[in-house]
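The chain contents come next:
Number of protein chains: 2
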Amino acid sequence: MKHLPILITILIVLASCEPKKTNKVLVSNADELNEAISNAESGTEIIMANGQWEDVQIRFVGQGTEYQPITLRAETPGEVIVKGRSDLKLGGEHLVVDGLHFKNGASPSQSVIQFFINEDTLANHSRVTNCVIKDFNKPQKNMQDLWVFFKGRHNQLDHCYLAGKSNRGPTIRVDIEGNQSIKNHHKIINNHFGPRPPKGGPSAETIQLGNSSTSISPSNTLVANNLFEKCNGEVEIISSKSNFNEFRNNVFYKSEGSLVTRHGNYCTVDGNYFIGDENSPHIGGIRLIGTGHWVTNNYFYNLQGEIFRAPLAVMNGIRRSAINRYIQVTDVVVAYNTWVDCKSPWQFGVGSNVDQKDVLPPSEIRSETPIRTLVANNVIYNSEGDEIPIVRYDSINGITFKNNVINNQGMDFEGVEGLKQIDFSMSKLEENIWIPASSFPDIEVYQGFEFEQISEDIFGKPRTETNSIGAVNGNNPTPPNIMDLSLYGPDWFDPIPTEAEPKIHVVKTSEELVNAVTNSNDGDIIELSSNRYEVDSSLTIVKKLTLQSADTLQKSLITYSGNAGTPAFKMNPKGELTLKAVKLVGSGENYAFASLKENMSSLYNLKVIDSEISDFEYVLKAYKHSFSEFIMFKSTIIKNCTNGLKLSSEDDDRGEYNAENLYVVDCQFENVNQNVIDYYRGGYDESTVGGNLIVKGSTFKNCGADEKNSILINTYGIINVDISNNTFQNNKVKLVARLWGAKNNSESNNTLKNSGQIIVEQNLPLKLMY
Amino acid sequence: MKHLPILITILIVLASCEPKKTNKVLVSNADELNEAISNAESGTEIIMANGQWEDVQIRFVGQGTEYQPITLRAETPGEVIVKGRSDLKLGGEHLVVDGLHFKNGASPSQSVIQFFINEDTLANHSRVTNCVIKDFNKPQKNMQDLWVFFKGRHNQLDHCYLAGKSNRGPTIRVDIEGNQSIKNHHKIINNHFGPRPPKGGPSAETIQLGNSSTSISPSNTLVANNLFEKCNGEVEIISSKSNFNEFRNNVFYKSEGSLVTRHGNYCTVDGNYFIGDENSPHIGGIRLIGTGHWVTNNYFYNLQGEIFRAPLAVMNGIRRSAINRYIQVTDVVVAYNTWVDCKSPWQFGVGSNVDQKDVLPPSEIRSETPIRTLVANNVIYNSEGDEIPIVRYDSINGITFKNNVINNQGMDFEGVEGLKQIDFSMSKLEENIWIPASSFPDIEVYQGFEFEQISEDIFGKPRTETNSIGAVNGNNPTPPNIMDLSLYGPDWFDPIPTEAEPKIHVVKTSEELVNAVTNSNDGDIIELSSNRYEVDSSLTIVKKLTLQSADTLQKSLITYSGNAGTPAFKMNPKGELTLKAVKLVGSGENYAFASLKENMSSLYNLKVIDSEISDFEYVLKAYKHSFSEFIMFKSTIIKNCTNGLKLSSEDDDRGEYNAENLYVVDCQFENVNQNVIDYYRGGYDESTVGGNLIVKGSTFKNCGADEKNSILINTYGIINVDISNNTFQNNKVKLVARLWGAKNNSESNNTLKNSGQIIVEQNLPLKLMY
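If you're matching them up, the sequences are chains A and B in order.
Per UniProt numbering, the very first residue in the first sequence carries number 1; after that it's consecutive.
Per UniProt numbering, the very first residue in the second sequence carries number 1; after that it's consecutive.
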């Protein structure tokens with residue numbers, strides 16, 4: 001029987017060459033679907049009829065084979081809309097789901113799509129492809145779910161578009177609890193992760209692989225060739241919490257976060273693009289914690305993030321760290337990467353807090369600097385000189401630098417041996433992508449241990465014959481077209497919404513105003529052509545609207561006479577209101593603006609410009625679990641109100657807060673009795689780094705008289721605060737502000753008259769969250 | 001060029017068939033050796049001439065190839081003695097060391113043999129074979145070294161004999177710091193680890209793989225087919241502190257410790273034999289901490305260890321443990337093992353200390369019970385019923401039991417679903433090895449996830465066709481001859497010393513006595529035939545000696561008139577004295593027995609039987625860094641001494657102590673003013689679980705008058721204490737003893753008259769060591 005293996009091989013080959021038997025079943029409702037699933041055999045293709053499938057909970061269980069999977073697909077990709085309280089669970093072997101569109105609904109369970117039915121029935125070798133999940137949010141942001149939840153092994157999500165998740169929970173989580181789900185070799189490839197708005201607190205990653213408890217286990221998940229576009233959910237776009245994961249050739253486009261090796265070790269980060277924006281300080285690159293990661297062939301452009309959000313952040317660890325804290329960086333290799341026009345691209349010892357050892361317990365002190373770490377063959381190019389290309393938060397003695405170059409336009413800086421300042425130029429390959437105009441003939445390529453395994457450059461070109469430092473091997477590459485959207489997500493879906501030309505509705509009467517708010521389309525403008533309007537119940541803002549006086553020099557007056565406790569403008573999920581040149585007057589007991597009290601499934605935005613707000617109980621009241629990405633008051637007078645801007649309802653001390661950005665610019669506050677600006681975040685979780693408050697060029701007069709805590713501008717727990725060029729006059733408070741010195745809080749050029757003072761405290765007492 | 005790979009393969013095959021070129025060089029001294037090494041090419045064989053090589057520090061650097069390694073070998077295996085201040089370091093590729101015998105010396109460096117020259121020059125694909133290291137100890141036990149120190153990759157230690165290490169440091173350590181040393185696939189195979197005496201404190205493992213800092217890294221080390229004989233150094237024989245290690249087919253013979261997966265995860269423990277002894281409560285089996293270990297096909301016989309030393313100890317973990325503490329047990333598989341006549345073979349939740357949460361910090365509380373753990377297809381056989389075959393220190397709800405059987409001779413116990421009590425018999429295959437007399441036709445074999453990978457049984461027989469629960473597949477096996485010493489270690493070395501017949505030296509005069517102590521051979525007996533001897537300087541005990549009166553009813557008197565502070569018997573390393581039926585009288589200012597003040601490179605033992613000791617400053621004084629495995633006073637009168645047995649010099653609070661076993665049986669203590677029994681261990685390190693004190697059937701009268709701490713019998717920090725059936729009369733102390741309730745301390749049937757009391761404290765305040 002010596003030849004048995006060969007015989008078996010031949011039989012297998014013959015078997016796999018058999019014509020596939022396909023059994024197609026068209027189903028039109030849940031019952032038919034369930035029956036088709038229970039009858040399905042390997043090779044069966046279940047076709048969901050085009051149309052609206054509402055409140056369906058699909059349990060797709062079956063045993064397909066490698067060459068004859070069981071397929072569940074849309075009759076026409078994209079024309080099967082899954083909506084309402086719907087979800088999809090897979091269990092078994094070799095299942096394929098193709099072409100579904102999840103919208104206008106939310107999962108009634110813990111996930112929209114999951115690769116298991118229950119703990120006993122996992123899916124393996126299964127695939128979800130060519131699908132869309134958009135805005136499929138639970139009604140309130142604190143209600144947690146996942147959009148795609150992996151268990152089992154060898155599952156794949158590809159060519160899907162996922163965007164708009166605003167409730168708690170990563171968009172995708174790979175779970176590796178249990179031997180059935182380790183060494184999973186899942187693939188998350190060729191997807192388009194569209195915009196995810198900031199959540200205002202933790203647990204809003206786009207991808208999370210494992211968790212701290214399973215961070216000792218091998219996951220071996222591949223995340224490759226995806227586009228991450230404006231994935232702004234929180235500080236971690238990808239949170240790798242397991243071992244041996246690979247992140248290859250992804251594009252991170254203007255996403256306010258980083259790829260973070262949070263827990264777990266031995267990850268490969270190769271050939272990725274990190275594209276920033278000079279206007280955002282929140283777009284990061286790669287942040288490293290732990291052991292044995294290889295960061296190679298990556299390209300970083302125009303990143304302005306700092307510290308945790310640095311282009312390259314190599315963290316300090318905690319001595320004998322708990323598994324949910326910070327393992328020391330050791331045995332890490334950073335090689336063949338290119339940074340172009342990034343601010344302070346290399347930051348080492350990030351998170352060092354040895355100076356806080358008197359106020360924090362030893363188990364929180366990140367004292368262990370990176371060791372046995374190699375930084376080699378990298379290129380930095382700055383078109384303007386950078387004063388601090390290398391930021392040292394602690395000793396970098398454990399890091400070896402070899403054969404790196406920088407063009408810093410001749411500007412001096414504190415360098416290291418192994419980073420040579422030379423003159424070279426860059427040429428544009430395509431939008432955002434610059435490569436050295438020529439290779440570096442005088443710079444030898446360093447051959448580190450196992451560097452032969454870095455066999456290709458960022459474009460997949462071999463490094464064997466021609467080689468060079470930096471992400472490109474030195475040859476003339478063809479442009480990679482990283483922003484060619486056809487490379488990512490489903491073919492049938494156009495992620496760029498067709499924006500209708502905004503329509504202008506001129507309204508003369510109060511009734512017309514109310515109707516216009518209801519009936520106008522997203523993006524429209526309502527022009528107030530009369531002097532005076534009276535509104536007696538809340539105007540509900542569910543879309544993008546601009547409300548402005550026809551003559552901006554002659555502000556129209558809106559009097560709101562609605563009940564006490566109701567707002568003139570009720571900000572709903574996705575409501576975006578711009579109020580321009582309007583006088584808004586209340587009854588003294590009602591509110592100018594407020595979120596819904598519950599069911600804020602998405603965020604709202606608010607801009608108030610050149611206006612006057614007076615006689616309200618609250619100017620703005622943000623209820624718990626409401627969130628705004630952007631609130632701006634500009635050139636606006638706010639007076640005679642009991643409360644000002646109240647954004648302090650997240651009182652669970654879980655690191656959450658009510659608004660990402662609050663800007664108050666060139667405004668006048670007068671006779672606002674309390675909570676003039678009350679912006680709060682409780683619970684110390686440094687993994688999220690908002691919110692952001694700017695108070696600038698404004699005047700505060702006779703305010704805070706009833707303020708119970710005696711602080712005019714409350715910013716407790718807010719990370720980024722800038723109070724500058726304001727005048728404070730006759731405010732009966734002890735403090736104008738108490739700033740958090742350890743974070744990015746600052747004040748300058750303020751004039752304080754009879755108004756208490758501004759103090760800075762280095763460490764605020766905050767409840768630790770972990 | 002399609003056929004290029006084939007062509008290359010053919011060329012490689014041809015190349016490897018080339019006749020090996022061998023270049024032999026005989027060297028006779030260090031200079032010649034160094035020159036030969038520096039001239040060596042692949043294929044060179046350097047032959048060390050037979051004889052004594054003293055104070056040689058061999059730096060064996062070279063570049064061999066797979067088929068033509070560079071070899072350094074003994075002219076005749078075992079006839080090259082490396083002694084004095086000598087060591088061996090390897091660096092390069094494909095090096096072989098063969099046939100050396102290290103004895104009568106100690107390494108002047110951190111190791112005897114190491115697989116690296118320095119951090120830049122490691123050894124790879126290198127091998128040390130057929131060598132012996134015996135008693136090659138540093139002069140004092142606190143001086144640390146390793147006998148074999150691995151770095152690099154693919155190195156091997158095989159067919160070696162290592163025994164007698166008594167100083168601090170594991171016998172073997174595999175170091176995985178740095179990418180060059182991970183995934184090392186080292187092999188430690190076919191070695192004989194001879195007796196390692198207890199060290200009395202931590203850091204005396206036989207093999208340590210990694211450390212807590214690198215426990216997140218893959219080691220992939222294989223430890224297979226070794227014999228561990230009486231490896232009693234500490235509680236861990238093998239301390240696995242890294243990932244993916246394999247322990248296969250080793251024999252643990254009467255070794256007082258366990259194989260412990262201390263840190264790191266996903267280890268395989270397959271096909272090992274754990275042979276116990278009914279007389280030792282210290283011989284353990286396998287202790288599990290962490291995730292993903294597979295314990296399969298192991299055989300456990302006659303093990304009496306408990307708790308940390310249980311035959312199978314599955315520990316509780318700490319919530320969010322630090323990496324140097326206790327990771328929760330998850331995803332562990334224990335399948336196809338057999339326990340025969342082991343006391344309480346299964347112990348779960350070991351180390352649970354939830355009841356101590358008020359006295360210990362949260363980071364020390366082992367509250368996390370094992371989860372996602374499967375115990376299947378195992379066999380337990382007890383020839384006498386066991387009241388508690390399953391010990392639950394905490395909930396076992398996270399453990400699934402499937403298709404296990406037990407023959408408990410019908411005795412009831414608290415069982416679990418999945419462990420069936422049935423009647424079956426065992427037959428003897430060879431000494432210590434029992435197998436079921438027939439397979440279990442009524443018991444189905446459970447097919448767990450990936451159980452098909454357990455493809456063989458303990459004897460390497462396939463489980464594919466015939467299969468059964470337990471370590472044996474159900475077929476009639478041939479005896480494995482596990483104690484056939486030719487399977488382990490070098491052929492040329494006989495580990496069993498030829499014991500000479502003890503000689504009796506009858507001594508009449510003091511001078512004859514002194515000469516006999518000096519000139520007798522190991523194991524001899526000195527008989528005192530006169531009534532009276534006078535000794536004026538210390539008798540040095542460097543070997544095993546018995547000193548006894550010729551007529552045991554007529555005890556001879558030895559008067560010791562040596563200087564104050566000197567002992568009558570100076571216990572040297574390896575000194576083993578039995579004093580029988582002797583009256584020993586001092587000057588009041590000198591000592592009866594004492595260790596050396598320094599350079600106690602090995603332990604000493606002392607038995608005093610039917611004797612009388614009086615008029616000494618100290619009866620026994622153990623100096624710092626001295627250690628005795630066994631001290632016994634039996635049927636002996638001790639009186640009129642300033643101090644009694646002082647074993648409390650390890651004052652660094654590092655978990656160390658001066659004696660493993662101290663037995664005081666049927667003795668009389670009278671007028672011993674202080675330190676009557678003073679036995680101390682400071683520093684809480686539960687990984688070592690000594691010492692052991694028995695005080696039984698003895699009388700203490702008028703003692704402790706000058707005792708500063710007012711406690712007659714000091715046992716602070718000693719783990720196992722048994723004080724029973726004693727009489728305490730007129731001792732001017734507050735306490736006779738203060739026992740440690742949380743440990744194995746007990747007292748019973750003691751009579752206390754005018755002597756204070758015995759108290760029990762649950763928790764002693766001890767300095768944590770980690």
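What the hints contain is simulated information worked out from the structure, not anything from laboratory work.
Among these hints, one or two may not hold up.
Which copy? The list can't say, so a pair holds if one copy fits it or any two copies do.
As the list claims (entries may be wrong) - Cut-off 20 Å, straight-line C-alpha distance, at most; resulting in silico cross-link-like pairs (EDC-like, lysine to aspartate or glutamate): (1) 138 <-> 589; (2) 183 <-> 246; (3) 583 <-> 615; (4) 696 <-> 670; (5) 708 <-> 456; (6) 508 <-> 670; (7) 24 <-> 41; (8) 583 <-> 747; (9) 134 <-> 512; (10) 402 <-> 120; (11) 639 <-> 589; (12) 624 <-> 512; (13) 701 <-> 355; (14) 183 <-> 452; (15) 83 <-> 278; (16) 402 <-> 119; (17) 607 <-> 450; (18) 183 <-> 450; (19) 183 <-> 394.
Only a predicted model underlies this, so the values are computations on that prediction, with no experimental measurement involved.
Hint check results:
In this assembly of identical chains, residue 138 and residue 589 lie within 20 Å of each other by CA distance neither inside one copy nor across copies; the values are 32 Å within and 86 Å between. When the C-alpha separation of residue 183 and residue 246 is checked against a cutoff of 20 Å, the pair qualifies both within a copy, at 12 Å, and between copies, at 18 Å. Taking the shortest Cα distances, residue 583 and residue 615 sit within 20 Å of each other inside one copy (11 Å), while across copies they are farther apart (107 Å). Taking the shortest alpha-carbon separations for residue 696 and residue 670, only the intra-copy value of 16 Å comes in at or below 20 Å, while the best inter-copy value is 89 Å.
In this homomeric assembly, residue 708 and residue 456 never come within 20 Å of each other (Cα to Cα): the closest approach is 63 Å inside a single copy and 75 Å across copies. Taking CA atoms no more than 20 Å apart as the test, residue 508 paired with residue 670 passes in neither setting, with 31 Å inside one copy and 114 Å between copies. In this assembly of identical chains, the alpha carbons of residue 24 and residue 41 lie at most 20 Å apart only when taken from the same copy (11 Å versus 70 Å across copies). With identical chains, the CA atoms of residue 583 and residue 747 are never at most 20 Å apart, being 31 Å at best within one copy and 89 Å at best between copies.
Proximity of residue 134 and residue 512 under a CA criterion of 20 Å is satisfied in neither setting, with 33 Å inside one chain copy and 101 Å between copies. Proximity of residue 402 and residue 120 under a CA criterion of 20 Å is satisfied inter-copy only: 16 Å between copies versus 51 Å inside one chain copy. Taking the shortest Cα distances, residue 639 and residue 589 sit within 20 Å of each other inside one copy (14 Å), while across copies they are farther apart (96 Å). Taking identical chains as interchangeable, the C-alpha atoms of residue 624 and residue 512 are never at most 20 Å apart, the minima being 32 Å within one chain and 97 Å between chains.
Taking the shortest Cα distances, residue 701 and residue 355 never come within 20 Å of each other, neither inside one copy (39 Å) nor across copies (59 Å). With identical chains, the CA atoms of residue 183 and residue 452 are at most 20 Å apart between copies only, with a shortest distance of 17 Å across copies and 25 Å within one. Taking the shortest Cα distances, residue 83 and residue 278 never come within 20 Å of each other, neither inside one copy (39 Å) nor across copies (70 Å). Proximity of residue 402 and residue 119 under a CA criterion of 20 Å is satisfied inter-copy only: 18 Å between copies versus 49 Å inside one chain copy.
In this assembly of identical chains, residue 607 and residue 450 lie within 20 Å of each other by CA distance neither inside one copy nor across copies; the values are 55 Å within and 60 Å between. Proximity of residue 183 to residue 450 under the C-alpha cut-off of 20 Å is restricted to the inter-copy arrangement: shortest distance 13 Å between copies versus 23 Å within a copy. When the C-alpha separation of residue 183 and residue 394 is checked against a cutoff of 20 Å, the pair qualifies neither within a copy, at 36 Å, nor between copies, at 31 Å.
Checked against the numbered hints above, the structure violates hints 1, 5, 6, 8, 9, 12, 13, 15, 17 and 19; every other hint is satisfied.
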